[in-house]
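Chains H and F, in that order, are what the protein sequence lines are. Going by our numbering, the letters in the first sequence line up with residues 1 to 388, in that order. Going by our numbering, the letters in the second sequence line up with residues 1001 to 1336, in that order.
In case anyone wonders, no lab produced these hints; they're calculated from the structure. Hints should not be assumed to be uniformly reliable.
[Unchecked claim] Coverage of chain H stretches by chain F, computed from C-beta distances (three or more under 8 Å per stretch; other residues unrestricted):
{"hint": "1", "segment": "85-93"}
{"hint": "2", "segment": "105-119"}
[Stated by the list, open to error] When the alpha-carbon atoms are kept at most 30 Å apart in a straight line, the in silico DSS-like pairs for lysine-lysine are as follows:
{"hint": "3", "chain 1": "H", "residue 1": "Lys103", "chain 2": "F", "residue 2": "Lys1157"}
{"hint": "4", "chain 1": "H", "residue 1": "Lys35", "chain 2": "H", "residue 2": "Lys356"}
{"hint": "5", "chain 1": "H", "residue 1": "Lys164", "chain 2": "H", "residue 2": "Lys225"}
{"hint": "6", "chain 1": "F", "residue 1": "Lys1157", "chain 2": "H", "residue 2": "Lys337"}
{"hint": "7", "chain 1": "F", "residue 1": "Lys1164", "chain 2": "H", "residue 2": "Lys103"}
{"hint": "8", "chain 1": "F", "residue 1": "Lys1164", "chain 2": "H", "residue 2": "Lys337"}
Heads up, the beta-carbon is just placed ideally off N, CA and C, and yes, glycines get one too.
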Amino acid sequence: MKKILSIILVLVITAGLFAGCNVGGTKGKTEEGEKVIKFGLLAPLTGVNAEYGKGFEVATKMAIEEINKAGGVNGYKLEIEVADSKGDQKESSDLARKFGDDKEILAIIGDFTSGCCMANAPIVDAAGIVQLSPTASNPDYAGMSPYTFSIMGRQDAEAPFFAKYIIHKYLGMKNVALIYINSDWGVSSRDNFLKGAQEVGLNIVAEASYVQDEKDFSSLLLKLKAANPEAVIIFDQGAVPQIVNQIAALDWDIQICALGPGTSQQIIELCGENAEGLITSTPFFFDPNNEKQMAWKEEFVKRAGFEPTVHPVMAYDCVYLLKEAIEMIGDGEITRKAIRDNLQVVEYDGLGGPIKFSDAGDVTRKYLICAVENGKFVLKAGYDYADE
Amino acid sequence: MNEIILKLKSIYDKYKIIIILAGSILLLLVPVIFPKSYIMGIICRILLYIILAGGLNVINGYSSQFCIGYAGFFCIGAYTEAILALRLKINFWLLLPIAGIVTAIAGLLICLPTLKLKGKYLALVTLGFSEIVRLIALNWSSLTGGPMGLKGIPVPKIFGIEFKNSLSYYYIFLFLVAIFLFVTRRVINSRIGRAWMSIREDEQAARSLGVDTSMYKALNFMYGAFWAGIAGAAYAPYTRYIDSTFFTLDEGFNILSMAIIGGMGTLIGPVAGSIVVNLLTELLRPISEYRLVAYAILIIAMMWLRPQGLFGASKSILAGKEIVKKARKAEKEAAA
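Using the sequences provided together with the hints, build the complete structure.
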């Protein structure tokens, strides 16, 4: 038994050594004489973020099938090679190297987390291949190389928008109270909010903060109530439903706004009537009145078996962005460099909102204003509200 | 297994110099044979984990103190290198030993209050330690960049050569692995190593024979931590970006699984463990979702068929050969 086992193990090891050699070398020739452009997708198909990785895979394949059905790009068909990064920076980097070595792959979409994207930045920079991340939101990421792009939107744009356009313009209020989570995100959102508030002359009458996993907010809320604000703004994702419910338990009739959760279904499920009138900002919203979005959502659910969040929408837009960039090359030779140069200047109105890259390679998103009415999120103001 | 090893060993002893020469030339030529940065990236990863699993093996395998929070030491080494290189612009080659020493001191600090703890109790303490280190890295934003991490870590240079990709960085890892194996071999075969193994076999007996067990256990922890620090310091400028998510408990378990699969208490064990585990994760990539299942089955099968690992110490002639030889001789004499 032991002898057999040891022989098997030796075989596995030697097979492993040789198997490494032909990875990346064998690539399918163009089928039926069709010309093909290949992208690589880095996504966490396993691990804690597997849901998002699966969303990436389904959404990008949807986009590619649509484009190919409509005749492809400049006479080329698109193809995508999906690789599982497990959300692990080392694996993501190895795969980025693999895509970088493979001359047939002209651009990389991914990865999901900022950490993986940032670890890959020097690699894609050296290989001269675009890494277009649907979701990396670390403000340092896109500036790391001319080849790194992100379309999720910078973290520092939403809070000033909230102060200027939701509180000041939409609600027309002056005295507000803040309650925020004491985390890097919470503190920096609050700081950015204060900057915007200063510009339009908002009055912060009271502030309170709490640490992650706190359950009882009543004493903090009483403190805010004593200052008699016109609205309470919550800066958090997870604890928003609890805070909303505890405000209702205090019999405090006040305008509630939430920065962070977007149009999270949890708020409605956990708060019920208490959430009525709650106002939130979001970069993207599946509008029930928008046929195109609803059709997309239906198709996604059919393929993936679960409801889409904003992330697969971003991945879907990434494929179309690359398609636009390739179309702009026109008759020129399609190279990694040409894709990069055109991606930098492309302007595209995607499913998840308009996209135009800054010089660094990221996007300052525009935000929508949504409110809860009759147990549903309703769109209150569109992307151009800030410009009106 | 032992017969095969013995046979290999006799061949090795016969042509020692030729094998070593040919082996080192082959190793030096690897980037020429595989000029793809992807394959070299995997080989670099294997080398990195040889140091990590090997360092852990010194703690878990040779003195049988059970550390599962090894990622914490790795984290300290990486952050020490990154912070000092970015803030004080200290040379990488100087930072390697500095990071090692800083980590060894951390190892001493965790070891001193836990000298009397054993087995699962010590394991729990190291587990907590690993998480504390990671949370400090996550929350001390002014020093460690917090959740934003540290980026733009300068790449090492020597004689005008920049080690900026996996093909060139291979030589740094190879150099470190060679030093690690050489030094550790010497240490294991010295009085210190024998003291560690005597503690592993029976701590009370060791003490009754005059081994200062507290001192040697502390030394053992420091030595293991030292190499985690070196590995961290070599890893940070390799990726040029680190954040706390890299040093989770999962990473600690990953290193531990390599040490276990390879076999603890031998020098070659962690080398084999690192090669098998890292190659498997790449080879099993085509079956995507089932990759981790296959990996789990491997571990279960190992525990069942060969609990001491591929090249584990128990019943292996590779472990502490001096002691085993002497014991065998004594056995024979007793029988005679």
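Q. Can the restraint linking Lys1157/F and Lys337/H be considered satisfied, given a maximum Cα separation of 30 Å?
A. OK: Lys1157/F and Lys337/H at ~28 Å, within 30 Å.
Q: Could you grab the alpha-carbon distance between Lys1164/F and Lys337/H and see if it respects the 30 Å cut-off?
A: With a Cα-Cα distance of about 21 Å, the restraint between Lys1164/F and Lys337/H holds, given a limit of 30 Å.
(Q) Three residues or more, CB to CB closer than 8 Å: is that satisfied between the segment 85-93 of chain H and chain F? (A) Three-residue rule met by the segment 85-93 of chain H, so holds; n is 4.
Q.
Would the hint linking Lys164/H and Lys225/H be met if the CA-CA limit is 30 Å?
A. holds (23 Å)
Q | 30 Å limit on alpha-carbon distance, applied to hinted pair Lys1164/F and Lys103/H | A | Roughly 20 Å separates the two Cα atoms, so the pair holds.
Q. Do at least three Cβ atoms from the segment 105-119 of chain H come closer than 8 Å to Cβ atoms of chain F?
A. holds (count 4)
**Q.** 30 Å limit on alpha-carbon distance, applied to hinted pair Lys103/H and Lys1157/F
**A.** holds (29 Å)
Q) Are the Cα atoms of Lys35/H and Lys356/H separated by 30 Å or less? A) holds (29 Å)
Of the numbered hints given earlier, the model fails none.
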